[in-house]
Amino acid sequence: DAGITQSPRHKVTETGTPVTLRCHQTENHRYMYWYRQDPGHGLRLIHYSYGVKDTDKGEVSDGYSVSRSKTEDFLLTLESATSSQTSVYFCAISEVGSSGNTIYFGEGSWLTVV
Amino acid sequence: AQTVTQSQPEMSVQEAETVTLSCTYDTSESDYYLFWYKQPPSRQMILVIRQEAYKQQNATENRFSVNFQKAAKSFSLKISDSQLGDAAMYFCASRNRDDKIIFGKGTRLHILP
Chain A
184 DAGITQSPRH KVTETGTPVT LRCHQTENHR YMYWYRQDPG HGLRLIHYSY
234 GVKDTDKGEV SDGYSVSRSK TEDFLLTLES ATSSQTSVYF CAISEVGSSG
284 NTIYFGEGSW LTVV
Chain B
3 AQTVTQSQPE MSVQEAETVT LSCTYDTSES DYYLFWYKQP PSRQMILVIR
53 QEAYKQQNAT ENRFSVNFQK AAKSFSLKIS DSQLGDAAMY FCASRNRDDK
103 IIFGKGTRLH ILP
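Going down the list, the sequences are from chains A and B. Just so we're aligned, residue 184 is where the first sequence starts under this note's numbering, counting upward by one. Just so we're aligned, residue 3 is where the second sequence starts under this note's numbering, counting upward by one.
By construction, these hints were calculated from the structure, which means they are not laboratory data. No false leads were mixed into what you were given.
Some chain B residues judged to face chain A by a derived CB distance under 10 Å, without partners named:
| id | residue |
| --- | --- |
| 1 | Q8 |
| 2 | Q41 |
| 3 | I48 |
| 4 | E54 |
| 5 | D100 |
| 6 | F105 |
For glycine and all other residues, C-beta sits at the position ideal for the given N, C-alpha and C.
If we strip away everything but chain A, and leave its shape as in the complex, we get (with noise of 0.2 Å):
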């Protein structure tokens, strides 16, 4: 299995307060994604990173940021939750050549915003 940690697993916060994820890798891989899930909507790429301080946006980024200061972590950040955030966060990890474009998923990480 690919070293992929995200932190928290779990969590309940208030909407409002600021709450940073955290994927970190031991896999010394490029590339680095932020996706949420939801029933009906499949994975949604929230932002994504090439490199250290290397970031893009997603298709649903609004109410997002991200910072990678190190090629093993990719943090994101919701500035000030809502309710529509309430949702199941997956990091994933990539590598491009001869590995064969392979992506590794954390666990998953549940966030509710009551």
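Assemble chain B onto chain A, guided by the hints.
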């Protein structure tokens, strides 16, 4: 824009039978990758099969195979000899040269004993 469409929210198949899950995608690029992922109730994401767009030969992995129609931008997954353990949500995904990876909404597959 890069899009992936799975038009079947749910499907059912009898155990030991064959089922095909549909996926269409849209991209302006000629070089890209396509994937099928399986998500069982545990929520773990498991790679089922992968296809490079420049390869004309359809990818196969044991009981899983794809029908890749590049001109039609279609990438269907065929599961042969369906087993109870195949019950899961299946996601189709595409990866372009900008390395953005986009998923479809998924198809929930039920296996009937």
